[in-house]
Structure formats: structure tokens, C-alpha cells
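2 protein chains.
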Amino acid sequence: MKIVKVSGDVTIKRTVDGGTEAQRETVKEIIANVRSNGDDALKAYTEKFDSVMLEALQVEQEEIKEAYQHVDSKLVEIIKEAAANIRSYHEKQLRPSWLTTEENGTILGQKVTPLDSVGVYVPGGTAAYPSSVLMNVIPAKVAGVKRIVMVSPPGEDGSIPAGVLVAADLAGVKEIYKVGGAQAIAALAYGTKTIAPVDKITGPGNIYVALAKREVFGDVDIDMIAGPSEIAVLADDTAKADEVAADLLSQAEHDVRASSVLVTPSMALAEAVQREVEVQCAALPRREIAEQSIRDFGAIYVAANMEEVVETVNQLAPEHLEIMTANGMELLGKIRHAGAIFIGRYSSEPVGDYFAGPNHVLPTNGTARFSSPLSVDDFQKKSSIISYSEQALRDNGSKIAEFARLEGLEAHARAVESRLKKQ
Amino acid sequence: MKIVKVSGDVTIKRTVDGGTEAQRETVKEIIANVRSNGDDALKAYTEKFDSVMLEALQVEQEEIKEAYQHVDSKLVEIIKEAAANIRSYHEKQLRPSWLTTEENGTILGQKVTPLDSVGVYVPGGTAAYPSSVLMNVIPAKVAGVKRIVMVSPPGEDGSIPAGVLVAADLAGVKEIYKVGGAQAIAALAYGTKTIAPVDKITGPGNIYVALAKREVFGDVDIDMIAGPSEIAVLADDTAKADEVAADLLSQAEHDVRASSVLVTPSMALAEAVQREVEVQCAALPRREIAEQSIRDFGAIYVAANMEEVVETVNQLAPEHLEIMTANGMELLGKIRHAGAIFIGRYSSEPVGDYFAGPNHVLPTNGTARFSSPLSVDDFQKKSSIISYSEQALRDNGSKIAEFARLEGLEAHARAVESRLKKQ
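Top line first, the protein sequences correspond to chains A and B. Numbering of the first sequence is given in my numbering, commencing with residue 1 and proceeding in unit increments. Numbering of the second sequence is given in my numbering, commencing with residue 1 and proceeding in unit increments.
Bear in mind the hints are in silico, worked out from the structure with no lab data behind them. Treat the numbers as computed from the prediction; the structure is a model and nothing was measured. Among the hints, a few may not be true.
Note that identical chains are pooled: a pair holds if it fits in a single copy or bridges any two copies.
The calculated EDC-like cross-link candidates involving lysine to aspartate or glutamate, where the alpha carbons are at most 20 Å apart (straight line), are [to be verified]:
1. K5 <-> E417
2. K334 <-> D116
3. K2 <-> E308
4. K5 <-> E271
5. K28 <-> E91
6. K111 <-> E311
7. K92 <-> D377
8. K421 <-> D242
9. K74 <-> E417
10. K65 <-> E21
11. K74 <-> E407
12. K28 <-> D39
13. K5 <-> E29
14. K422 <-> D242
15. K193 <-> D9
16. K334 <-> E81
17. K74 <-> E402
18. K48 <-> D237
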């Protein structure tokens with residue numbers, strides 16, 4: 001892992017996969033086909049891409065019951081506890097509708113309403129993460145979304161992984177379909193005979209899923225399109241090198257394009273972490289992925305002082321930030337850009353990935369400068385409320401009409417005056 | 001204006017201008033040129049498109065002072081009062097950061113941070129609306145954004161309309177540049193020598209501006225891309241036909257593609273409004289625009305009963321909704337989808353366009369199903385906070401490690417265990 005002295009602006013080296021022209025064409029074709037041929041197209045693509053001919057797309061209650069037999073009951077309890085923590089955290093994000101009243105009869109306000117329906121995409125194969133089900137479904141549930149649909153590509157035996165089904169059931173999903181890829185996104189956006197359309201689609205997926213989400217965006221809402229995962233560790237010489245290294249590697253094992261960075265004022269820590277990463281990496285099952293990720297996207301930045309460390313972190317705007325310093329809390333106010341902030345040596349990133357409660361769907365690729373973790377807000381929308389009394393309009397109507405005329409909009413002025421001219 | 005009996009699903013007829021291939025190519029070329037040639041490119045495009053050679057891009061303090069001489073002082077006072085109302089409403093949207101603590105030392109929370117910098121686009125010519133300046137700038141200011149930049153194309157005399165400059169000054173903008181079109185969006189997204197880049201771009205614009213915003217999205221954030229304006233009036237036979245007609249026409253005068261719709265259970269009201277629209281329209285300065293808009297995108301929907309009226313409105317998900325019924329407030333709970341809801345006969349839409357306080361930047365094109373009015377939330381972002389104590393990790397660490405192993409991520413498990421194995 002290379003050590004770099006900070007001088008001037010620093011950015012995390014990142015790659016964004018925008019897809020090829022051919023991939024974009026394929027996705028457009030799939031969407032058009034699903035819009036024309038509905039369920040038949042879904043089944044044909046499932047046969048083609050997932051190598052299984054399905055009779056029914058929807059997962060039956062029986063299959064969910066069965067799934068519980070295939071997950072260790074101790075794990076079911078852990079998933080339940082994680083779900084409870086996630087629910088409890090997201091309930092704190094709920095905001096009430098509000099109204100204000102004035103003596104002249106004016107009422108202004110903001111009404112908060114859940115979305116009618118949401119679709120959650122869950123990848124198949126080794127990327128079928130139960131934690132991802134919890135993190136996408138529970139905020140929607142807490143927001144009050146009535147219809148939550150899950151889609152996931154089936155394996156060759158026509159089933160969805162037991163852990164995913166159990167997580168979906170515990171999170172409260174009542175409608176699950178065995179369909180993946182761009183065809184699943186098309187079905188969620190435009191509907192088929194079996195799958196009614198939804199208003200918003202969330203959840204991670206491969207490049208075809210990402211391109212399909214971009215394509216349907218506008219007709220329905222989508223969540224962010226996530227890039228490879230990132231961690232920045234901000235540490236001083238009170239940090240333990242082995243723990244810092246372990247955390248960097250936990251990010252690196254995700255993906256060869258994941259980015260793991262240490263920012264520190266301490267050259268001693270930098271060198272110790274460099275050694276530890278090498279040693280620990282060699283002993284990992286996913287060693288090859290982690291090695292390549294560390295080599296291509298990892299770095300240890302050594303800054304002149306803590307001020308420069310903080311400024312570097314703000315420039316990076318990392319998805320995950322761990323603060324391992326003598327007093328982490330006192331740096332919190334200085335951190336402007338980070339998806340999730342883990343404070344102290346006992347707050348290793350996996351604590352947040354699975355269990356603590358905050359969402360693990362976080363802004364990647366520097367977008368923490370302007371984006372937020374997935375939250376209850378993403379599953380609700382607001383409507384403004386305006387109610388003027390006769391008195392309020394008599395007090396302000398001529399000013400409103402004058403403003404409208406300044407902008408050359410005479411019918412606006414007359415709409416107001418149509419009320420004022422009457423007794 | 002045609003009268004249609006509701007039967008089954010109803011949708012507002014809408015057009016979305018996605019631009020032509022040639023326009024998209026032009027926009028890409030302009031962006032590339034601004035990225036390569038910076039200020040020189042901006043000045044060259046301003047000469048080409050706005051017919052003026054500028055020496056300096058930035059508006060000087062002197063020009064702002066001068067602008068006040070060209071706006072009626074009574075209007076300045078009206079703009080000030082509108083700004084105060086807008087500020088007061090948006091301050092109620094502010095949300096605090098929060099923390100929760102548990103006895104075992106766990107701290108979880110959510111930190112709310114303003115964006116560092118925002119760019120507001122203001123169209124030129126007849127679409128240079130002071131109200132649009134207030135509605136875009138004030139929420140950013142209230143959110144705590146430190147740097148707010150405004151861009152607007154100059155007229156042939158090299159100036160920006162006085163009303164726009166006065167509104168910008170009253171809203172607290174300190175940095176204004178004379179540049180418009182796709183070149184302005186490129187400058188805001190990527191920066192030039194004169195214009196430092198921003199993190200988010202908001203504000204309406206023509207098709208080139210809209211395409212440029214789409215193009216830079218991801219590198220910076222953008223607000224929604226607005227379609228033509230829409231109003232739905234929900235009225236029973238207590239409503240005054242002349243007032244309903246005046247409100248429909250105030251929307252129709254905006255744009256030939258604007259959409260004005262009445263939904264009512266009363267055929268008598270429908271027919272009276274139909275007549276009033278014809279009479280009032282004939283007397284409008286922007287008659288031709290309003291006429292075409294009403295003809296192409298207007299409709300009066302007559303439903304069997306109030307329940308069907310409400311369901312129709314929810315299907316339409318209009319940008320603006322006016323409720324003119326015997327008791328408007330009692331319908332509020334049934335309205336699921338609308339950008340802004342105006343209740344009662346004295347709440348004519350222009351009340352909200354200019355003055356009352358809620359934002360006039362609203363979701364169009366049915367996106368009120370999942371989108372919200374522009375708000376303080378759009379200029380802040382959240383970071384999750386996670387701090388586990390040693391005790392909290394000892395209580396939960398093995399569960400977290402087990403969950404990680406369920407997902408096949410061994411380094412995640414080891415990161416947690418690296419802390420637990422020590423005394």
C-alpha cells in the first residue's frame with residue numbers, strides 16, 4: 001500500500017462504470033420488449049439469463065416458510081435484532097406534517113405523505129445480501145409505504161437464496177418476484193400483468209440494472225446509482241495499526257475497484273499500517289480481490305498536521321469515514337462531507353454495515369458533497385399547503401397582483417383581483 | 001375547453017421536451033469547450049448567443065446599486081415582503097442534527113450539513129423572473145450554504161434585468177455572473193478561472209440549459225428538470241365559475257404547453273366555467289398563448305361523485321392543486337399527490353407563486369407521486385453517526401461477525417474480532 005505525502009488537493013482515485021454503447025442498447029431493447037410483451041418477456045429473459053424456466057414469477061408463501069428451514073435459527077435471531085435496530089434508527093428520521101396559523105386566517109404548512117409503492121432490487125448469486133434487503137425495505141416500511149415489492153433473479157433451481165427470503169419476510173415484504181436484470185427494472189417501472197408498476201425503485205445491481213434504472217428515471221424515481229465502496233480512516237498515533245489495517249481490508253475485499261484510504265499525521269502509524277495490511281491480506285479468503293483493490297485504489301496519505309488531515313478527508317468526501325484519534329467526537333464538527341462517520345476504535349465499519357441501525361446505502365464517488373444516506377425521506381414526499389382567508393387576500397392581494405404585472409403575467413393579476421372586486 | 005366525463009383512469013396530457021440529437025450534441029460540445037478554454041469560451045459563446053462582447057463576466061457592486069434606480073420603490077418593498085415570507089416559511093423546514101445515547105455507551109445520530117456551494121440559473125429575456133430568484137436562493141441561504149452563485153445571460157446591452165439583480169441582492173447573493181445557456185452550466189459544474197465550481201445547480205432554463213444540467217449531473221447535483229406548468233382545480237358547486245376560470249387561465253398564459261384542468265362532480269359548474277374561460281381568455285394580453293394551451297392541454301373532468309373527483313386528482317398528481325369546495329380542509333387527508341395544495345377560494349395560485357412563502361418550484365409531469373417542492377432539504381445533506389463503546393462491541397461483536405460470514409465477507413468479521421480478541 002503506497003504512502004503519499006499530502007500536498008495540495010487530494011482526490012480518491014475512483015472508477016465509474018458508465019456501461020458500453022452495446023450494453024445501453026441491450027438495456028433499451030429489453031425495456032421495450034418487457035413493455036410490449038409483459039410477463040412473457042420476463043420469463044423468456046429469465047430462461048436466457050438465469051437458465052431457468054419459471055411457471056410462476058411470484059414467490060409463494062410456502063417457499064418463504066421453507067426458507068426458514070435453511071437458515072440457522074441463531075442467524076434468524078441476529079437478523080431480527082439487526083432489523084429491530086435499523087427500524088429504531090429510521091423511526092427517528094420520521095417528520096410530522098406541520099401547519100402554521102396567523103391571526104388574519106392564513107394557514108401555511110407542509111404535508112408529508114409516503115409514496116404509494118416501492119420496488120426493491122436484490123442482486124442474485126454471491127451478491128444476494130440479506131443486509132441489503134433490510135437496509136432498503138425497512139426505511140420504506142417506516143415511511144409508511146403501503147406496497148413494497150421485491151425482485152431478485154432466481155438461481156438455476158428457480159429459487160431465491162434462503163437468507164434473502166428470510167430477511168424480506170422479517171422486514172415485512174409481502175410481494176416477491178423471481179426476476180432480475182434490466183427486465184426486472186422494466187417490469188417495476190411499467191408493470192406487467194403479474195407485476196403492478198411502482199413509483200420508485202431502489203437497491204443495488206450490476207451494470208445492466210444500473211443502466212435500466214437510469215433509463216426509467218423520470219417515469220419513476222430511483223435511488224442513487226452506487227459506485228464501488230470506499231473507506232477513509234482518519235487516525236492519529238493513538239490508533240492500533242492492526243485494527244486500521246483490518247478495517248481497510250474489510251472494504252478492499254468487496255471489489256477490486258473498492259477504495260481504502262488512510263489519512264494520518266503520523267508517519268509511524270502509516271508505516272505500521274502498511275506492514276499490517278500486507279500481513280493480514282495474505283491470510284484472507286478473498287485475498288486476490290483485496291490485494292488488487294489495495295494496489296489499484298488504496299493509499300496512505302500522510303499530512304503535516306491534523307488540520308490538513310481533516311481538509312484532506314473533506315476533499316475525499318468518502319462513503320465511510322472512520323475516526324480513530326484521541327478524541328474523535330471533537331472532530332465531528334469539522335467533517336463536512338462523509339456518508340457515514342464511525343467514531344472511535346470500537347466502531348469498525350462492519351458495525352454499521354449490518355447491525356447498529358443507520359443505513360448502509362451511502363453516497364459513493366465523492367457525492368457525499370451533496371447526497372445523503374438512504375433514509376425515510378427517500379420514501380416520503382412533501383406537499384406545500386396554502387390557505388388564505390378573505391382578510392389575508394384583502395391585505396395582500398394588490399401586492400401580489402403588482403408582482404405578477406412586474407413579470408408580465410396579467411392573468412395572474414386578474415385571478416387575484418377576481419376575488420377582490422367582489423363584496 | 002372540452003368537458004369530459006370521467007370513466008376509469010385519467011391522466012393529464014403532457015409533453016416532455018427531451019431535446020433533439022443535434023441539441024444534445026451541441027450541448028456536449030459547449031461543455032467540452034468550456035472545460036478546455038474556460039473564460040475565453042464563456043465570452044465567445046456570450047458574443048455568439050447573446051450578441052454582446054463582455055470585458056468582465058462578474059456583475060459589479062455598482063451595477064446592483066444602479067438596478068435599484070430602475071425598479072419602482074413600492075415594488076422593491078413588495079419584493080422585500082415576499083422575501084421575508086419565503087424566508088419565514090423555509091426556516092420552518094430546518095431540521096437539527098440529532099444524537100441518541102444508550103447506557104452501554106452506544107451513540108447513534110444524524111448530522112445535517114449545508115452544501116458548500118450552490119449555483120442558481122436565472123433565464124434571460126421575458127423569462128427573467130425575480131420571483132424565481134427568491135424561490136431558488138432563499139432556501140439555500142436558510143440551509144446555511146456559504147457560497148451562492150447566480151448566473152444569467154446578459155441582454156444585448158450587457159446588463160441583467162434590474163428586477164432580477166434587486167431580487168438577488170435582497171435574497172443575499174454576493175456573486176453574479178453574466179453568462180447563460182449550456183456554457184453557464186458547464187462553468188458552474190467544472191469551474192473556470194473566474195467562476196469557481198459549485199456542488200449543486202438549480203433553477204429553470206431553456207432546452208439547452210436542461211440538457212446541460214442532465215449532462216453534468218453526477219459530477220454535481222441538480223434540482224429537478226421542470227416540465228410545463230400545470231394546475232388542477234378541484235371544485236364543487238359552491239365554487240364561483242369566474243374565479244375558477246381566472247385561475248385556469250393564469251396557468252394557461254404561461255406557456256402553450258401548460259396544462260389547466262378542472263375536476264368537479266358538478267356539470268353546472270363545468271358548463272359555467274367553460275363559458276367563463278372563453279369570455280375571459282378573449283380579454284387577455286397573452287390571449288394567443290392561453291387559447292392554444294387551453295385547447296391543447298386543458299380539460300374539464302366531470303366525475304360521478306366527490307370520491308371519484310379525489311381519485312382523479314390523485315391520478316393526475318398535479319403540480320398545483322386548488323381545492324374550492326364547501327370545506328376544503330376536510331379533503332386534505334385524501335390528497336396523496338400534489339406539489340402544492342391551495343385551499344379555499346381566496347387561495348388563488350398566484351398567492352403561492354409570489355408571496356405566501358412556500359416554494360413555487362414544484363414537481364411537474366406527475367412526479368408529485370414521488371417528488372417534493374424545492375426546500376431547505378435540497379441544500380443540506382445528512383451523514384450518519386455511529387459510535388460504539390467497548391462494551392457495545394463486546395455485547396454485539398460476535399453477532400456482527402456471524403452476519404458478515406453469512407454474506408461471505410471474512411475480512412469484515414475479522415475487523416470486528418481484531419478488537420474483541422484483545423483485553
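Here is how each hint holds up against the structure:
no. : hint          : verdict
1   : K5 <-> E417   : neither (68 Å within a copy, 31 Å between copies)
2   : K334 <-> D116 : between (39 Å within a copy, 13 Å between copies)
3   : K2 <-> E308   : within (19 Å within a copy, 67 Å between copies)
4   : K5 <-> E271   : within (12 Å within a copy, 77 Å between copies)
5   : K28 <-> E91   : neither (38 Å within a copy, 43 Å between copies)
6   : K111 <-> E311 : between (39 Å within a copy, 18 Å between copies)
7   : K92 <-> D377  : both (11 Å within a copy, 17 Å between copies)
8   : K421 <-> D242 : between (79 Å within a copy, 12 Å between copies)
9   : K74 <-> E417  : between (70 Å within a copy, 19 Å between copies)
10  : K65 <-> E21   : neither (43 Å within a copy, 52 Å between copies)
11  : K74 <-> E407  : between (67 Å within a copy, 15 Å between copies)
12  : K28 <-> D39   : within (17 Å within a copy, 38 Å between copies)
13  : K5 <-> E29    : neither (49 Å within a copy, 37 Å between copies)
14  : K422 <-> D242 : between (79 Å within a copy, 11 Å between copies)
15  : K193 <-> D9   : between (54 Å within a copy, 17 Å between copies)
16  : K334 <-> E81  : neither (33 Å within a copy, 36 Å between copies)
17  : K74 <-> E402  : between (70 Å within a copy, 9 Å between copies)
18  : K48 <-> D237  : neither (55 Å within a copy, 58 Å between copies)
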